[in-house]
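Engineer: Given only the sequences and the hints, what does the whole structure look like? Please build it.
Now for the letters of each chain:
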Amino acid sequence: MPGLPDPALGELHGQFVRAILHRDLAGVAGRIRVGGLSVERRLAIYRTNARENFAVALAAAYPLLHRCLGPEEFRELAWTYQRACPSPSGNLFHLGERLAGFLAAHVSGTGRAYLADVARLEWAIQESLVAGDDPGVPDLPALAAVPGAALPGVRCRLHPSVRLLPAAHGVFALWQALQSGDALPGPAPGPEHLLILRRADGVVVHRLPAADFAWLGCVRQGGTLGEALAGLPVEQQAGLGDLLVRVVGTGAITAFN
Amino acid sequence: MEVHSENFFADGGAKLAVLDAVRQDYGLSLHGVGLSLGGADPLDREHLACLKRLVQRAEPALVSEHVAWGSAGGVFLNDLLPLPCTMAALRHTAARVAAVQDCLGRPILVENVSSYLQFEGAEMTEWEFLAGLAREAGCGILLDVNNIHVSAVNHGFDALDYLRGIPAALVGEIHLAGYTDAGDILIDTHSAPVSAPVWALYREALALLGTVPTLIEWDAELPALDRLLAEAASADAHADAVRRERGTHARVA
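Line by line, the protein sequences give chains A and B.
Numbers in my numbering are just positions in the first sequence, counted from 1, shifted up by 995.
Numbers in my numbering are just positions in the second sequence, counted from 1, shifted up by 1.
One should not assume that every hint holds.
[As the list claims (entries may be wrong)] Computed footprint of chain B on chain A; a stretch qualifies when at least three of its residues, placed anywhere within it, have a C-beta under 8 Å from a C-beta of chain B: (1) 1044 to 1052; (2) 1081 to 1094; (3) 1113 to 1127.
[As the list claims (entries may be wrong)] Cβ-Cβ distance ranges computed for the label pairs, FRET-style: (4) Y27(B) to R1150(A): 38 to 46 Å; (5) R1194(A) to A233(B): 31 to 39 Å; (6) Q57(B) to R1150(A): 25 to 33 Å; (7) S1033(A) to E222(B): 24 to 32 Å; (8) T181(B) to P1083(A): 28 to 36 Å; (9) R1194(A) to R247(B): 53 to 61 Å; (10) A1183(A) to Q57(B): 45 to 53 Å; (11) V1141(A) to E222(B): 57 to 65 Å.
Hints in this document: simulated from the structure, not taken from any laboratory.
Remember, it's a predicted structure, so these values are computed and weren't measured experimentally.
We treat Cβ as the ideally placed atom computed from N, Cα and C, and that holds for glycine.
Structural biologist: The structure is reproduced here in structure tokens:
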């Protein structure tokens, strides 16, 4: 039946993968023709290909982390990560999806813990880049015409590319420096509340006030304007109008329903 | 215009918008690298669904993939890895190609890859494997002439035997590219001009196969555009020469 595994082929391929990623040649060595070049030399070409393809794709997804670490350390990180968390797909996009968690386990509690937040930010950017389209523009006059009593029941449709990232460390300035080509600063004191979304000219990152971030988080979960507002501290609930203007200005909201 | 299918698996965004715009003015060929047609893992249905969605969106003239495998036990190496030339591997791969074609509702082309090793126990040559696969699966062939040369040098077979073993009626596209000579082995890097022996082999291929759209792959260490255009002009010149010599009509895309 099409698509079903072939056990013999599967065994050979498994041996091959172990030889590439873990230099375990025990199974595959006797199954490769030598013919003038050693088995190790032949496998080394495939190992180099697998390692380079992975590192290049990872660096493309994590340009800020690449810059923070430098090319050599990033290459080493990529190889370590590749062996611990191999690519889960034939689509290179997915190979970076576990990097932030992997990195967090290694840098947590050290002076470089901010690197995990850098990775989280860059993965959120990657997700935002490939999210669906929504050309909608929120109809603010229509919202203004909603009777006051009905306003709390209004829901917002967010752009599919919206990602919300609570960062323990201040990494927004690093991302800004990468965009401008400036020297990277050190991480700022955290926490930061980041909104990532895709506009017509690319992905943008906004640093939000904590209240805006909390409100948007509730809206993203499907909460109404009223429910989202109720989650804010009492002293900030009076500022819904200003909050709406700020959030609409980012492009995160594409419609009011 | 030929693009890597996987680069456009997104739900939305700029890349897809550019592809849509290009599609307004050009025919399109979707060339996949990640389906692992010869893999022993179950066919990746999610990957296939993304490809089907892209095919429906872009309505390409050609869809192609590689005669290779790329994963084992869910671990992907994201490379085009060689298959053993056995009847079991042929039948296994043919069944998967047929399944892909059933899913897409159209035939695909399958491409020969460069290889740096061969497995023991081969029951046929690589060209017999490729031709047999195409016949059994009912697919076409994307013949990579550079890959034939690279593998011929690496494994010591005659590249002309390979060409002569491929049924002309099954070949829907030709690829050319440049390789890197590592001293002890040739490596398919797509980072250099097409070499003289590959141009010579290309002329032999055109003489045997006739009219076949041809693509030059150069996707690493890219030169200036005029250098790329010069490569395409060289392909045109070779095709014209073959046409004059043999009276065939080779077209370069």
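Engineer: Among the hints numbered above, which are violated by the structure, and what are their numbers in rising order?
Structural biologist: none
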